[in-house]
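S.K.: Work the whole structure out from these sequences, hints included.
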Amino acid sequence: MSRRKLALECSLVTLFLFLFVAALHLLPLPSGLLRFGNALLTPGWILLPWILLTLHGEPFENFGYHLNDLRRSIGTGLLVSVLLLVPYFLLYRFWIGKPSLHFGNGHETARWLKMCLYQFTVIALPEEFYFRGYLQTRLNRIWGRPHHLFGAPFGPGLIVTSLIFMFFHLLLAVNLWNVGIFFSALVFGWLREKTDSIIAPILFHALSNIALFSFQGRF
Numbered sequence: 031m032s033r034r035k036l037a038l039e040c041s042l043v044t045l046f047l048f049l050f051v052a053a054l055h056l057l058p059l060p061s062g063l064l065r066f067g068n069a070l071l072t073p074g075w076i077l078l079p080w081i082l083l084t085l086h087g088e089p090f091e092n093f094g095y096h097l098n099d100l101r102r103s104i105g106t107g108l109l110v111s112v113l114l115l116v117p118y119f120l121l122y123r124f125w126i127g128k129p130s131l132h133f134g135n136g137h138e139t140a141r142w143l144k145m146c147l148y149q150f151t152v153i154a155l156p157e158e159f160y161f162r163g164y165l166q167t168r169l170n171r172i173w174g175r176p177h178h179l180f181g182a183p184f185g186p187g188l189i190v191t192s193l194i195f196m197f198f199h200l201l202l203a204v205n206l207w208n209v210g211i212f213f214s215a216l217v218f219g220w221l222r223e224k225t226d227s228i229i230a231p232i233l234f235h236a237l238s239n240i241a242l243f244s245f246q247g248r249f
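When we follow the working numbering, the leftmost residue of the sequence shown carries the number 31, and every step to the right adds one.
Keep in mind that the hints were calculated from the coordinates and are not lab data. The structure presented is a predicted model; accordingly, all values stated were derived computationally and were not measured.
For each label pair, taking beta carbons as the anchor points, the in silico distance ranges come out as:
#, residue 1, residue 2, range
1, Y118, L147, 21 to 27 Å
2, L202, G247, 16 to 22 Å
3, V116, L38, 40 to 46 Å
4, G136, A37, 50 to 56 Å
5, F46, L113, 32 to 38 Å
6, L113, A52, 33 to 39 Å
7, Y118, P89, 32 to 38 Å
8, T139, F197, 34 to 40 Å
9, P183, L100, 19 to 25 Å
10, T139, L202, 25 to 31 Å
In silico SDA-like pairs for lysine to any residue, Cα to Cα no more than 20 Å straight-line:
#, residue 1, residue 2
11, K35, G174
12, K35, R175
13, K35, T84
Backbone N, C-alpha and C fix where the C-beta goes; we use that ideal spot for every residue, glycine too.
M.R.: Following this line, the structure appears as structure tokens:
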């Protein structure tokens with residue numbers, strides 16, 4: 031497809047999803063309709079790109095949807111997680127206090143494991159499938175990747191995808207924390223470019239959320 035058609039496609043799909051998420055969080059919807067909408071959203075992040083790529087006959091591997099060089103992807107994701115998350119949460123402990131970790135019984139442990147599974151399967155996987163897999167790859171096709179950072183090529187697509195990702199989260203709540211998600215998204219995007227896969231960003235995304243929720247006792 032031409033760059034113009036690529037831009038039109040990803041703009042319309044992203045706008046549709048943005049309006050859908052906005053309706054779920056900003057409109058006074060009945061509880062049943064809200065649950066139904068949220069149930070559609072999680073697979074929607076995956077199904078929309080899947081349908082579009084199938085219709086166009088494009089290789090899924092080009093969008094990072096593969097398990098090639100899995101060891102490298104996992105290793106890179108874990109290394110970046112250690113390098114960034116450990117210092118971050120040491121500062122968290124220094125400024126805010128000790129983490130609220132409670133594993134006093136089997137019930138709390140089960141809740142924590144359920145939260146971990148939720149972060150991987152319902153949050154990180156679908157969101158990375160769409161944003162770093164589909165959207166960032168589409169924008170790379172449009173604008174190219176003329177720059178390099180720590181051995182990873184990147185272009186305006188990484189920045190724009192991160193901004194869009196942030197705006198989606200601002201629909202949930204307008205606060206400094208959700209503005210700061212832009213910087214996390216930059217790391218997700220860099221991992222996508224570094225490993226040519228969405229495995230590393232999925233891993234870092236999920237571990238970031240798991241660490242935060244564990245420290246805050248939100249499980």
